[in-house]
Amino acid sequence: AQKVTQTQTSISVMEKTTVTMDCVYETQDSSYFLFWYKQTASGEIVFLIRQDSYKKENATVGHYSLNFQKPKSSIGLIITATQIEDSAVYFCAMREGNTGYQNFYFGKGTSLTVIP
Amino acid sequence: EAAVTQSPRNKVAVTGGKVTLSCNQTNNHNNMYWYRQDTGHGLRLIHYSYGAGSTEKGDIPDGYKASRPSQENFSLILELATPSQTSVYFCASGDWDSSGNTLYFGEGSRLIVV
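Read top to bottom, the protein sequences are chains A and B. Residues 1 to 116, numbered by my numbering, are exactly what the first sequence covers, in order. Residues 1 to 114, numbered by my numbering, are exactly what the second sequence covers, in order.
Be a bit skeptical, because a hint or two may be false.
With a straight-line Cα cutoff of 25 Å, these simulated DSS-like cross-link-like pairs (lysine-lysine) come out [stated by the list, open to error]:
#1 K108(A) - K57(B)
#2 K3(A) - K72(A)
#3 K55(A) - K72(A)
#4 K57(B) - K3(A)
#5 K16(A) - K70(A)
#6 K3(A) - K56(A)
The hints are simulated quantities; they were obtained by calculation from the structure and are not laboratory data.
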């Protein structure tokens with residue numbers, strides 16, 4: 001069973017608008033960490049933002065923010081004032097905190113195209 | 001900023017040949033990982049390591065071996081390469097504490113097995 005699911009395969013938005021990418025996860029751990037990564041056209045994968053499960057406040061970094069809905073096991077990525085350079089594939093990931101298996105579980109990614 | 005470098009960046013190998021993908025990290029992270037990325041599958045874990053001398057199987061280890069001779073280096077070895085192993089391979093490193101931290105990825109190695 002997939003632990004991290006991204007249902008949106010691709011999204012297109014106009015430049016300077018706001019976009020939300022969905023992600024749901026599955027875990028039995030009481031402590032876990034959620035991440036979003038960006039993969040650029042060159043293939044580079046970079047870390048964007050993290051949400052710790054015990055924190056109630058939604059994380060924000062620059063024009064990236066998260067919509068953490070713990071009861072729904074959902075962690076959406078919100079990009080405001082999108083720019084052309086935001087066009088990329090975005091991966092959601094989870095690391096369970098109470099297990100010795102130090103793996104990150106990744107979703108299959110959402111491809112974002114920002115149209116000028 | 002963590003630095004993870006992979007070599008080679010591109011490789012064409014023949015079926016049945018041996019392929020070694022190398023990874024070096026300069027941030028003294030204990031944990032290192034090898035993932036492969038294929039269309040429709042996202043990132044899948046092949047092998048990982050908790051430190052020098054240790055290797056563990058990930059979710060898809062068949063056909064792959066790993067070696068962690070030092071803190072800095074982690075290699076992925078395909079003893080008998082097959083066309084199904086054509087993929088892009090990513091190495092990553094990271095250390096974990098109560099705040100979670102994150103993974104740092106290398107640039108990726110594109111392998112084509114013909």
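Hints versus structure:
At roughly 21 Å between alpha-carbon atoms, K108(A) and K57(B) fall within 25 Å of each other, so this suggested pair holds. With a C-alpha separation of about 14 Å, the suggested pair K3(A) and K72(A) falls inside the 25 Å cut-off, and the hint holds. For the hint pairing K55(A) with K72(A), the CA-to-CA distance comes to about 15 Å; that is within 25 Å, so the pair holds. Distance hint between K57(B) and K3(A) is fulfilled; the C-alpha atoms sit about 18 Å from each other, no more than 25 Å.
The hinted pair formed by K16(A) and K70(A) fails the criterion: a straight-line CA distance of about 29 Å is larger than 25 Å. Restraint check for K3(A) and K56(A): satisfied, since their Cα atoms lie roughly 22 Å apart, inside the 25 Å limit.
The structure shown violates just one earlier hint, number 5.
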